[in-house]
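So the sequences go chain by chain: A and B.
Residue numbers for the first sequence follow this note's numbering, so the first one is 1 and each next one is one higher.
Residue numbers for the second sequence follow this note's numbering, so the first one is 1001 and each next one is one higher.
Be aware that a few hints might be false.
Said to hold, decoys possible - Quick list of in silico lysine-lysine cross-link-like pairs, DSS-like style, CA-CA up to 25 Å:
id : chain 1 : residue 1 : chain 2 : residue 2
1  : B       : Lys-1088  : A       : Lys-205
2  : A       : Lys-159   : A       : Lys-205
3  : B       : Lys-1088  : A       : Lys-50
4  : A       : Lys-205   : B       : Lys-1229
5  : B       : Lys-1088  : A       : Lys-85
6  : A       : Lys-50    : B       : Lys-1229
7  : A       : Lys-85    : B       : Lys-1247
8  : A       : Lys-50    : B       : Lys-1247
9  : A       : Lys-85    : A       : Lys-205
10 : B       : Lys-1236  : A       : Lys-85
Source of the hints: derived by calculation from the structure; they are not laboratory data.
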Amino acid sequence: MALTSFRLAGLELKNRVLVASGTYGYGDDCLETADPGKLGGIITKSLSLKPRIGNPPVRIAETAGGMLNSIGLANIGVHRFLSEKLPFLRSVDTAVIANIAASTIEEYCEVLRILEGEDGIDGFEINVSCPNVREGGLIFGTDCAAVAEITRRLRALTKKPLLVKLTPNVTRIGEFARAVEAEGGDAVSVMNTLIGMAIDIKTRKPVLSTVTGGLSGPAIKPVALAKVYEAARAVRIPVIGIGGITNASDALEFLIAGATAVQVGTANFIDPAAGIKVAEGIARYCDENGIPDVADLVGSLDAGSGTSVLDSWL
Amino acid sequence: MEGVRTAGEGIHVLSFTSAAMSRSIRAGQFLNLRVEEACEPLLRRPFSAYRIEKSSIEIVFNVVGRGTAALRRKKQGDVLDVLGPLGKPFKTIDPGFDTGVLIGGGLGVAPLPLLTSALKQEGKPVVTFLGARSAAQLVTDHLENLHTATDDGSRGFRGNVVDLVSDFLSKHPVEHPKIFACGPMPMLRAVASFARASEITCEVSLEGPMGCGIGICQGCPVELAGPEKSYALMCKDGPAFDIRTIKI
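Using the sequences provided together with the hints, build the complete structure.
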């Protein structure tokens, strides 16, 4: 059996597959179809200081091989999270990483301070990349100095693993990854959704109430893979790959491109057990190919030349 | 998969077997079907449970888009990927009413047969009203005490089903009624305003795009009534809602 566990900034994870923020709720909605204890980790829905009701309908649209969303960071707020959701999450045998969203740097700090002392929170992922809220979100995520400042301020507040989730809606994501690394961030999550749009030609109206939204799902996988490759070459800290992963084969591509771990997102909507199946598939691939440790795959890309894909293409 | 049969003009009934699911489904809940194995279309499609006969489960649909077009191509022997039962059932156990007034518009008939059985088990009589564009689109099986309305007058009352209900109840009042309605949004709005005006308790079963069906994507907000703006989720908190609790 291949070794699947690894350490992420000192935190022991049982495998390299986590579920992405906003695609698994607070972990308690999927119990009948999936055992979250088999995941490497759960990243919570983005938590803000105050509850957020989210955007008005229409919030989602299906596109070719993907979906657009404009949820608007709907969440119960950090205080209700602690009283209503954390007790359950503590009972799950997996790492819990709290994702934090905010509209000011002060608010990021405040939410992290509230969560910091709590037993059962194993780390933080900072959302500086939500495309669907007016304040905060992308305004920070597309400003390298702001990403650096947020990382620096939050780093001073916690010794737990600090991940920063980057947006692909920038020219050079490697610069943002370097800014996080320089300010002491433990890892970067690459990537959040791509800004996208859909129009109803009968009414000539946008499908989403906010006109644009975030594109996710298999459609974005090649873009995400290239962003992960770029980020992984730019920094020494771990890159967590996210974007359109629906099966083990997808996840393996990310690991080979340089991702230390991956997150499964939209695929959870179709199958809440998708992350578990991805983790099992990675282990099986290693066993079948005589790879003793999944770590051996990370960044193992042979970029010398292309390869014939005739068999899989036919 | 057992097969797909025709139940009206352009209307299909798909049946499959699942012993576990057949025992756990309650009236008003839905099933989320993966219509293709590949990622096109990507998301599951929600359908009300229409009928259950032993371990056989049916859903009713018409071909309106790529999801239902893919379903129409399913054949006997295919393996279906179904997540369910999902959502909250209709509130049939309720001492506040004696008679179920069931109202369906078009394929909004879907949850009514199971609802009829559930209400009968409670010992509550039902009166059912079903509307459609014309007689060919009326799916009248497994309903009781049925009155129909068609836009073209080809069967029953000529006009919309809400006018039929209003007309009928004014002539034949029922004791302590509760309305259960399912159909297109304009019909549900008309039902809701009729119910409010007549002071009849009313649950409406909503239909809309859903990302996941279990509450994790937050993609199907339903605006709640009340002074402060807030949302429930159609998939997890519904699909049936008491009209006093939502903006309709």
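So, going through the hints one by one against the coordinates:
no., hint, result
1, B/Lys-1088 / A/Lys-205, "32 Å, violated"
2, A/Lys-159 / A/Lys-205, "48 Å, violated"
3, B/Lys-1088 / A/Lys-50, "28 Å, violated"
4, A/Lys-205 / B/Lys-1229, "24 Å, holds"
5, B/Lys-1088 / A/Lys-85, "21 Å, holds"
6, A/Lys-50 / B/Lys-1229, "15 Å, holds"
7, A/Lys-85 / B/Lys-1247, "28 Å, violated"
8, A/Lys-50 / B/Lys-1247, "24 Å, holds"
9, A/Lys-85 / A/Lys-205, "38 Å, violated"
10, B/Lys-1236 / A/Lys-85, "17 Å, holds"
In terms of the numbered hints stated before, the structure departs from hints 1, 2, 3, 7 and 9, listed from lowest to highest.
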